[in-house]
Amino acid sequence: MKILIIEDEAKLAKSLKQGLEQQGYAADYLLDGESGQRRLEMNQNEYGLVILDVMLPGKDGMTVCNEWRKQKITTPILMLTARDTVNDKITG
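With positions in the sequence shown counted from 1, the corresponding number in my numbering is that position plus 93.
Worth flagging that the hints you see were computed from the coordinates, not collected in a lab.
Any given hint might turn out to be false.
Quick list of in silico lysine-lysine cross-link-like pairs, DSS-like style, CA-CA up to 25 Å [to be verified]:
1. Lys95 x Lys165
2. Lys95 x Lys110
3. Lys152 x Lys163
4. Lys110 x Lys152
Label pairs and their calculated CB-CB ranges [said to hold, decoys possible]:
5. Lys163 x Glu114: 25 to 33 Å
6. Thr174 x Glu134: 19 to 27 Å
7. Gln115 x Glu160: 25 to 33 Å
8. Glu160 x Asn138: 14 to 22 Å
9. Ser108 x Lys163: 25 to 33 Å
10. Gly117 x Met148: 27 to 35 Å
11. Asp125 x Ile166: 17 to 25 Å
12. Lys163 x Glu139: 17 to 25 Å
Quick reminder that beta carbons are idealized off the backbone N, C-alpha and C, glycines included.
Given the sequences, and given the hints that come with them, work out the whole structure.
What follows is the structure, encoded as structure tokens:
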């Protein structure tokens, strides 16, 4: 399975990529919401999972996720966030 990581902290993104590759997955990462959104829209069948940070430059992860779902892109998404309120969890 190939995984798309969209995370603005380069060190964390590289670490996630490395860890996933050590477990046998292929992974790409991008550092902003707009680039990540375009990548999945152009390559929907290439990725089996997206790891998406909520707080991203350019376009936040919640907006990116909502736009994908409006386009009927059903790739599973794991949200990364430091937000921990009940409302944030419900929104996600």
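Do the hints match the structure? See the list:
1. Lys95 x Lys165: 20 Å, holds
2. Lys95 x Lys110: Status holds; Cα separation ~11 Å.
3. Lys152 x Lys163: Measuring from Cα to Cα gives roughly 16 Å; hence the hint holds.
4. Lys110 x Lys152: Status holds; Cα separation ~21 Å.
5. Lys163 x Glu114: 25 to 33 Å: 32 Å, holds
6. Thr174 x Glu134: 19 to 27 Å: 22 Å, holds
7. Gln115 x Glu160: 25 to 33 Å: 32 Å, holds
8. Glu160 x Asn138: 14 to 22 Å: 18 Å, holds
9. Ser108 x Lys163: 25 to 33 Å: Holds, since Ser108 and Lys163 (Cβ atoms, about 31 Å apart) stay within the stated range.
10. Gly117 x Met148: 27 to 35 Å: 29 Å, holds
11. Asp125 x Ile166: 17 to 25 Å: 18 Å, holds
12. Lys163 x Glu139: 17 to 25 Å: For Glu139 against Lys163, whose Cβ atoms are near 20 Å apart, the range 17 to 25 Å holds.
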